[in-house]
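Asker: For reference, the chains in residue letters:
Number of protein chains: 2
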Amino acid sequence: MSNMENAVEPQKRSRKTHNGIVQPLLTDLYQITMAYAYWKSGKMNDVAVFDLFFRQNPFQGEFTIFAGLEECLRFLENFHYSDSDIEYLKATLPKSTEEEFYVFLQSLTTESVTLYAIEEGSVVFPRVPLIRVEGPLIIVQLLETTFLTLVNFASLMATNAARYRLAAGRRIKLLEFGLRRAQGPDGGLSASKYAYIGGFDGTSNVLAGKMFNIPVKGTHAHAYITSFNNLTELQVKLAERRFLNIYDIVMNEQMLLNRLTGQEENLLDRCIEWRDKILPVLNFSSNEASDGELAALVSYAIAFPDGFMALVDTYDVKRSGLINFCAVALALSDLGYRAIGIRIDSGDLAYLSNKAHEVFQKVANQFNIPWFSELEIVASNDINEETILSLNEQNHKIDCFGIGTHLVTCQRQPALGCVYKLVEINGTPRIKLSHDVAKVTMPGCKSAYRLYGVEGHALIDLLQRSDEDPPEVGHRVLCRHPFEESKRVHVTPRRVEHLHKCYWKDGKTQCELPTLDQVRQRVQTSLLTLRQDHKRNLNPTPYKVSVSDCLYNFIHDLWLQNAPIGELS
Amino acid sequence: MSNMENAVEPQKRSRKTHNGIVQPLLTDLYQITMAYAYWKSGKMNDVAVFDLFFRQNPFQGEFTIFAGLEECLRFLENFHYSDSDIEYLKATLPKSTEEEFYVFLQSLTTESVTLYAIEEGSVVFPRVPLIRVEGPLIIVQLLETTFLTLVNFASLMATNAARYRLAAGRRIKLLEFGLRRAQGPDGGLSASKYAYIGGFDGTSNVLAGKMFNIPVKGTHAHAYITSFNNLTELQVKLAERRFLNIYDIVMNEQMLLNRLTGQEENLLDRCIEWRDKILPVLNFSSNEASDGELAALVSYAIAFPDGFMALVDTYDVKRSGLINFCAVALALSDLGYRAIGIRIDSGDLAYLSNKAHEVFQKVANQFNIPWFSELEIVASNDINEETILSLNEQNHKIDCFGIGTHLVTCQRQPALGCVYKLVEINGTPRIKLSHDVAKVTMPGCKSAYRLYGVEGHALIDLLQRSDEDPPEVGHRVLCRHPFEESKRVHVTPRRVEHLHKCYWKDGKTQCELPTLDQVRQRVQTSLLTLRQDHKRNLNPTPYKVSVSDCLYNFIHDLWLQNAPIGELS
Numbered sequence: 001m002s003n004m005e006n007a008v009e010p011q012k013r014s015r016k017t018h019n020g021i022v023q024p025l026l027t028d029l030y031q032i033t034m035a036y037a038y039w040k041s042g043k044m045n046d047v048a049v050f051d052l053f054f055r056q057n058p059f060q061g062e063f064t065i066f067a068g069l070e071e072c073l074r075f076l077e078n079f080h081y082s083d084s085d086i087e088y089l090k091a092t093l094p095k096s097t098e099e100e101f102y103v104f105l106q107s108l109t110t111e112s113v114t115l116y117a118i119e120e121g122s123v124v125f126p127r128v129p130l131i132r133v134e135g136p137l138i139i140v141q142l143l144e145t146t147f148l149t150l151v152n153f154a155s156l157m158a159t160n161a162a163r164y165r166l167a168a169g170r171r172i173k174l175l176e177f178g179l180r181r182a183q184g185p186d187g188g189l190s191a192s193k194y195a196y197i198g199g200f201d202g203t204s205n206v207l208a209g210k211m212f213n214i215p216v217k218g219t220h221a222h223a224y225i226t227s228f229n230n231l232t233e234l235q236v237k238l239a240e241r242r243f244l245n246i247y248d249i250v251m252n253e254q255m256l257l258n259r260l261t262g263q264e265e266n267l268l269d270r271c272i273e274w275r276d277k278i279l280p281v282l283n284f285s286s287n288e289a290s291d292g293e294l295a296a297l298v299s300y301a302i303a304f305p306d307g308f309m310a311l312v313d314t315y316d317v318k319r320s321g322l323i324n325f326c327a328v329a330l331a332l333s334d335l336g337y338r339a340i341g342i343r344i345d346s347g348d349l350a351y352l353s354n355k356a357h358e359v360f361q362k363v364a365n366q367f368n369i370p371w372f373s374e375l376e377i378v379a380s381n382d383i384n385e386e387t388i389l390s391l392n393e394q395n396h397k398i399d400c401f402g403i404g405t406h407l408v409t410c411q412r413q414p415a416l417g418c419v420y421k422l423v424e425i426n427g428t429p430r431i432k433l434s435h436d437v438a439k440v441t442m443p444g445c446k447s448a449y450r451l452y453g454v455e456g457h458a459l460i461d462l463l464q465r466s467d468e469d470p471p472e473v474g475h476r477v478l479c480r481h482p483f484e485e486s487k488r489v490h491v492t493p494r495r496v497e498h499l500h501k502c503y504w505k506d507g508k509t510q511c512e513l514p515t516l517d518q519v520r521q522r523v524q525t526s527l528l529t530l531r532q533d534h535k536r537n538l539n540p541t542p543y544k545v546s547v548s549d550c551l552y553n554f555i556h557d558l559w560l561q562n563a564p565i566g567e568l569s
Numbered sequence: 001m002s003n004m005e006n007a008v009e010p011q012k013r014s015r016k017t018h019n020g021i022v023q024p025l026l027t028d029l030y031q032i033t034m035a036y037a038y039w040k041s042g043k044m045n046d047v048a049v050f051d052l053f054f055r056q057n058p059f060q061g062e063f064t065i066f067a068g069l070e071e072c073l074r075f076l077e078n079f080h081y082s083d084s085d086i087e088y089l090k091a092t093l094p095k096s097t098e099e100e101f102y103v104f105l106q107s108l109t110t111e112s113v114t115l116y117a118i119e120e121g122s123v124v125f126p127r128v129p130l131i132r133v134e135g136p137l138i139i140v141q142l143l144e145t146t147f148l149t150l151v152n153f154a155s156l157m158a159t160n161a162a163r164y165r166l167a168a169g170r171r172i173k174l175l176e177f178g179l180r181r182a183q184g185p186d187g188g189l190s191a192s193k194y195a196y197i198g199g200f201d202g203t204s205n206v207l208a209g210k211m212f213n214i215p216v217k218g219t220h221a222h223a224y225i226t227s228f229n230n231l232t233e234l235q236v237k238l239a240e241r242r243f244l245n246i247y248d249i250v251m252n253e254q255m256l257l258n259r260l261t262g263q264e265e266n267l268l269d270r271c272i273e274w275r276d277k278i279l280p281v282l283n284f285s286s287n288e289a290s291d292g293e294l295a296a297l298v299s300y301a302i303a304f305p306d307g308f309m310a311l312v313d314t315y316d317v318k319r320s321g322l323i324n325f326c327a328v329a330l331a332l333s334d335l336g337y338r339a340i341g342i343r344i345d346s347g348d349l350a351y352l353s354n355k356a357h358e359v360f361q362k363v364a365n366q367f368n369i370p371w372f373s374e375l376e377i378v379a380s381n382d383i384n385e386e387t388i389l390s391l392n393e394q395n396h397k398i399d400c401f402g403i404g405t406h407l408v409t410c411q412r413q414p415a416l417g418c419v420y421k422l423v424e425i426n427g428t429p430r431i432k433l434s435h436d437v438a439k440v441t442m443p444g445c446k447s448a449y450r451l452y453g454v455e456g457h458a459l460i461d462l463l464q465r466s467d468e469d470p471p472e473v474g475h476r477v478l479c480r481h482p483f484e485e486s487k488r489v490h491v492t493p494r495r496v497e498h499l500h501k502c503y504w505k506d507g508k509t510q511c512e513l514p515t516l517d518q519v520r521q522r523v524q525t526s527l528l529t530l531r532q533d534h535k536r537n538l539n540p541t542p543y544k545v546s547v548s549d550c551l552y553n554f555i556h557d558l559w560l561q562n563a564p565i566g567e568l569s
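Chains S and P, in that order, are what the protein sequence lines are. Per the UniProt record's numbering, the first sequence starts with residue 1, numbered consecutively. Per the UniProt record's numbering, the second sequence starts with residue 1, numbered consecutively.
You may find that some hints are simply not true.
If several chains are the same, the list does not tell them apart, and a pair holds so long as it fits within one copy or across any two.
[What the hints assert, rightly or not] Below, computed lysine to aspartate or glutamate pairings styled on EDC-like, alpha-carbon distance capped at 16 Å: (1) Lys173 <-> Glu376; (2) Lys277 <-> Glu455; (3) Lys277 <-> Glu288; (4) Lys397 <-> Asp345; (5) Lys318 <-> Glu393; (6) Lys90 <-> Asp334; (7) Lys277 <-> Asp334; (8) Lys318 <-> Asp291; (9) Lys173 <-> Glu512; (10) Lys432 <-> Asp291; (11) Lys439 <-> Asp334; (12) Lys397 <-> Glu374; (13) Lys173 <-> Asp399; (14) Lys432 <-> Asp345; (15) Lys487 <-> Asp85.
Treat the hints as calculated values from the structure; they're not laboratory data.
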């Protein structure tokens, strides 16, 4: 893998995302019909406050990683209805729609919008607004669908990746291999980006590497191995090519430079010799290893002598793949190159990784090549969070997981349910009632705080009405469950973090945004503030999100005012 | 909804998809490292055949809809490494990579590729190649990941949509409302496109409407309703606006033209009158209906008098939403406008739709407005295939489903497992073995046929070696299970369909591609050829995919030749 290390120097990452798909028409039609009705009824400049939040952590977990903020800010920056957008809307909305409305739309910008948000990459919890948007009703309403699209999948994906990282531990490399199973081409790009933010080390997706400056990784597929039939074929091919003399400079491709002597040597012959030598060491009485596979690995080693990584499960890991890999790695070693390792893409990964590790140790001892016992073992067959936890229990010897489908589609729960709710208009709080308590919104403009305890761990999140005094370090504060009357706790914080920061005002971003790598770092430091029992896979402890006494009473008064009394007869 | 009918005339649909994201770098890095190794070992022009197929139908069903072909052809058409792509690859691949390789890559086109495929929109089954690609190894290998990305989600989505259509029946309208929960912005666009192909009638996604010429639909959200506090507010707003005189032509927005008299009339006053009149009809002794909701609905009706569709569950469907809707619809009716209906987004949909239908009938009878009993009822709360089937059993009165999360993320199974396997190289068949029989590939270049019976139903799919004579109408043919020796059947087809057609050769598309609507039509006609028991939701009968006797023997001979014999000691 290492030969595939992304050699591009760290640089200011590209801001380009989604190639222009993120534009005002990437929305539900009802946002535009509502805009027209607001415009027509004179309500368009009512000052509205919307909260973007979710109601439940994904994956039966007790935490979520917030992501997608930068893309929301880019959307605000570029918000503009083009001529062709307007033309399309004219053809789509009823004929009676007034011409002035289109003039208004085309001049619409996000200059009067103010956006507060939690820092991207932070651990977040249900009901705490991730984003609060304030401004004229018509424009803040028009942002809803696009914001949700940008935050929902990004946060889901970053959370999923962070969970894989927690399951695998810090020592293990994690690579995202999911493009082919992603939900559309851009589903794949978003997955690569947010998997990296969530704690993955790289991706196989080359375009994601190019666009976001994420390390890209990869070796070869089964097709590469099966495309070679036998050793003769390779010899003939190489001879033919030399004969054809297509490019002078590649005359010696069957040969490889011996770095120790400076001489060209025949790699294939050496590999065949080595294979014969290692069979008895590995207790094989005869050679069942595939010659086609060896030919493939030799040709691959000639192309990438400095970072040889081989897929070993095309025919049989133990009886063919491992033997051929060792033969090539030993031959390379003779010439002064150090192989990287193997990839296993099927079978019992715990067993096979231990077997491979054993083989590497035997060879290391027998031929006195200590680094051979440290060869990297990559596993990549349909792996999910539970597989990793189960492999941990079986003492696997895997150094790196390549993870596809389950990661990129978030198979266990493929959508996060962020919503965007009106909570205040012209200073008047608004509430959306529901028979389902969990769906009742928290009215009014609110401030959000995280209170930390002695050991630096987050104790509780607290929502207050925005005109209340913030909680103070060392002062006891009463935190209440938002809906259950009897659930209350006194908290004396050692540190108080104000969660919301202003990110957008007067038509521009209000602070320098962190780089992708800084957001990725933020995920890990933020997770560290969370107690282990909130993060564990099985039956994690819920983290408490509370409201101040004042907000509690405010919500419940408004609720009773608005809820009709049922009648039974 | 009807006022939102897409008024754009049917036209040649836009070919623009994914805004340029679909490019050669949208692939796994290992495709490019393999390409280099092929190039270096002289194998790059070996003639290879790859099959693209899946192994299992999604959603525990027994059929799949094939989609994504046109996007694959566009990818072939536009295949080209740009200067910046090459620059990125140079920075990413090892320094030892030869310069000539990049020269070669940059001149690479898909001119020497030949592609056969099943018609897009067809019903397809496991193991039958959806696409067969032939050409020089290096280029056909480079297509793998992108093809899989384009076919996997498209087919999964179209299949999911087709299943919803089967569950809902032909009478019901189906709308896709999933953008906000989709996997990335383009995940949403792909979902809209392939949901339409699979049998949906429209989408809420405006950009999808613009790009693919799909009908777009939508009314308003809860926020629209909650943004109005009371009736006075509306009166003041409208008065203010008139006073401000922002636009001369919108002076009379509180008023609505009476189409019967040609006079302007006050809609709000009429609505209040009607509400008082209908309360006793619906057996309410007092008015509990929300004034804020009425104000919202009146303002919306003024904006869209010709297609009034109201969300009625913000406060209480029975005690508020339905009453306010009827008041506005009756007032509109007085002035010569016909309302469209209601949308319910929460609660017991079967019960509420019946209740709404009952209310509409009462009003229709009481005030002698027959069309009132035909008002449309749209339901849209977290609906999936099972919900629809369950609602069917409860005799719901819903006319239209708006479906989001479950549809667009394919929640029940968020990925289709299409694979792309090398089956032949330079005329030599290749096989990928596996301990799991289902994963063994079918070697060699194959022809695929569908055999039809007396009633026009598809009986079986048959794969043959490509040099075998095709099956003939009226002649008995032996069809064998590909892996289970004893499973055989004699089939005498009434019709034989050759499933593969050449779509790409000599650098261009070989036939005119169907429009989106034609592909959509194809899905329905193709599904009609499938027996009902294959399509049912519960325990569907598997459709048989067979191989000829000749292909059976060929596979099994090759299998035994390649599989190593285990050894126990």
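Asker: If you check each hint against the structure, which ones fail?
Answerer: Checked against the structure, the hints that fail are numbers 2, 5, 6, 9, 11 and 15, while the rest are satisfied.
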